[in-house]
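Sequences are here, hints too, so could you generate the full structure?
Protein sequences, first through last, are from chains A and B.
Under numbering that gives the first Met the number 0, the first sequence has 191 at position 192, and the numbering climbs by one with no breaks.
Under numbering that gives the first Met the number 0, the second sequence has 59 at position 60, and the numbering climbs by one with no breaks.
To be clear, the hints were calculated from the coordinates, so they are not data collected in a lab.
Heads up, some of the hints might be wrong.
Copies of the same chain are indistinguishable here, so a pair counts whether it falls within one copy or spans any two.
[Said to hold, decoys possible] In silico SDA-like cross-links for lysine to any residue, where the CA-CA straight-line distance does not exceed 20 Å:
#	residue 1	residue 2
1	Lys-91	Gly-134
2	Lys-192	Ile-32
3	Lys-11	Val-175
4	Lys-83	Ile-10
5	Lys-83	Asn-206
6	Lys-128	Pro-12
7	Lys-83	Leu-94
8	Lys-17	Glu-176
9	Lys-11	Gln-113
10	Lys-83	Ser-106
11	Lys-83	Glu-16
12	Lys-29	Asp-183
13	Lys-29	Asp-66
14	Lys-92	Asp-107
15	Lys-115	Ile-15
16	Lys-73	Phe-52
17	Lys-17	Arg-194
18	Lys-43	Arg-117
19	Lys-29	Gly-118
20	Lys-93	Ser-74
21	Lys-93	Asp-66
22	Lys-92	Thr-77
23	Lys-73	Leu-97
24	Lys-29	Phe-60
25	Lys-192	Phe-52
26	Lys-29	Arg-194
27	Lys-43	Glu-13
28	Lys-92	Ser-112
Quick caveat: nothing in here was measured; it's all calculated off a predicted structure.
Number of protein chains: 2
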Amino acid sequence: MNENLNFIENIKPEDIEKRSFEIIGDELGKRGIVLPEEYSHIIKRCIHTSADFDYAETMYFSPEVLDRIMGALKSGATIITDTKMAQSGINKKKLNELGVEVSCYISDEDVASQSKERGLTRSFVSMEKALGIEGPVIFAIGNAPTALLSIVEMYNNGVLQPAAVIGVPVGFVNVVESKELLIDSGIPCIVNKGRKGGSNIAACIVNAIQYNM
Amino acid sequence: MNENLNFIENIKPEDIEKRSFEIIGDELGKRGIVLPEEYSHIIKRCIHTSADFDYAETMYFSPEVLDRIMGALKSGATIITDTKMAQSGINKKKLNELGVEVSCYISDEDVASQSKERGLTRSFVSMEKALGIEGPVIFAIGNAPTALLSIVEMYNNGVLQPAAVIGVPVGFVNVVESKELLIDSGIPCIVNKGRKGGSNIAACIVNAIQYNM
Numbered sequence: 000m001n002e003n004l005n006f007i008e009n010i011k012p013e014d015i016e017k018r019s020f021e022i023i024g025d026e027l028g029k030r031g032i033v034l035p036e037e038y039s040h041i042i043k044r045c046i047h048t049s050a051d052f053d054y055a056e057t058m059y060f061s062p063e064v065l066d067r068i069m070g071a072l073k074s075g076a077t078i079i080t081d082t083k084m085a086q087s088g089i090n091k092k093k094l095n096e097l098g099v100e101v102s103c104y105i106s107d108e109d110v111a112s113q114s115k116e117r118g119l120t121r122s123f124v125s126m127e128k129a130l131g132i133e134g135p136v137i138f139a140i141g142n143a144p145t146a147l148l149s150i151v152e153m154y155n156n157g158v159l160q161p162a163a164v165i166g167v168p169v170g171f172v173n174v175v176e177s178k179e180l181l182i183d184s185g186i187p188c189i190v191n192k193g194r195k196g197g198s199n200i201a202a203c204i205v206n207a208i209q210y211n212m
Numbered sequence: 000m001n002e003n004l005n006f007i008e009n010i011k012p013e014d015i016e017k018r019s020f021e022i023i024g025d026e027l028g029k030r031g032i033v034l035p036e037e038y039s040h041i042i043k044r045c046i047h048t049s050a051d052f053d054y055a056e057t058m059y060f061s062p063e064v065l066d067r068i069m070g071a072l073k074s075g076a077t078i079i080t081d082t083k084m085a086q087s088g089i090n091k092k093k094l095n096e097l098g099v100e101v102s103c104y105i106s107d108e109d110v111a112s113q114s115k116e117r118g119l120t121r122s123f124v125s126m127e128k129a130l131g132i133e134g135p136v137i138f139a140i141g142n143a144p145t146a147l148l149s150i151v152e153m154y155n156n157g158v159l160q161p162a163a164v165i166g167v168p169v170g171f172v173n174v175v176e177s178k179e180l181l182i183d184s185g186i187p188c189i190v191n192k193g194r195k196g197g198s199n200i201a202a203c204i205v206n207a208i209q210y211n212m
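Okay, structure coming up:
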């Protein structure tokens, strides 16, 4: 490399992630934060993805949600995301081996036309395509609170029983409320309470879980 | 919708984003933050994407960088990202009309093999494929500091003249340093100083610029 780059810490490509997680662990220690051991790999990966230590304080895990997600992945679940970005950020290598498909219906033509007709978001309508899926379904929602509303509505109506929902939409309109609704629904879920989240966070939670299996 | 959802603010799909930006504007006002007018649409969209008001204080824009980026987009530039997630998050509709292509070489086989041979990250090597591109190149880097190192090295060696670099990698190892290196290089750039950034932020900056053209 160029001599101008000498002040950069010299580190092998394969060691960068390990070093990052060490730094995250050190900083959590300095802040006096002890993560719940069962979930620390997930919370640390959210911090790794965002460089935002708020995630150490705001993540919620419903009882046994990890067992449910890992069980569903092992039996070839379908993961449904609300954005192409989340779909794209999920590492497919191991999932392919497990027979897990990662789907996103947000750009489907029937979703667009129904959304217009019914005055609902495309995110809301795209979740309803889960009803046609055989086998367990895991939702990974990083963008749209209306996607969570759609899932909870189908669950409350008794037509959908998700294996689990990763509910980490981000933003300012109905985001906080949709996450509370999900938690209160009784659906097994992982949520980042508050406004923060994102497609990258939804993807990284799925990755954290599969890398630990 | 189900009656359980009644406490959610009732808002039309097409108004959600507008309402979000109003809330962001209000909160910036309450915090006494006045954004530079020329860049406020970009900074607000970063906050919209992350729900993180830190972006109001840490974004850097080199002189005339927006003119350069808009000029390049109008003349059919290629946008190169360091992740499939950033590539996927960039809205293609208007870019297609402008003849702009959005490319990401991170998963290319020759990138993987060279990366192994040379002991460099795939991100570093994937940037070198820009050298084969005709016409202006804009980089949108949301993940890998080594991608920025690669770009700066090619620039310093006189072989690459990017139209601009959106340099918002996220993380803990060499991230802060790589951004400072980019700023000091003299390459026209948009940077979020510090550790924060991400593929979603890289994509949203491209989107903020094109939506305002």
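task: Of all the hints given earlier, name the ones this structure violates by number, lowest first.
output: The structure conflicts with hints 4, 12, 13, 16, 18, 19, 24, although it agrees with all the remaining ones.
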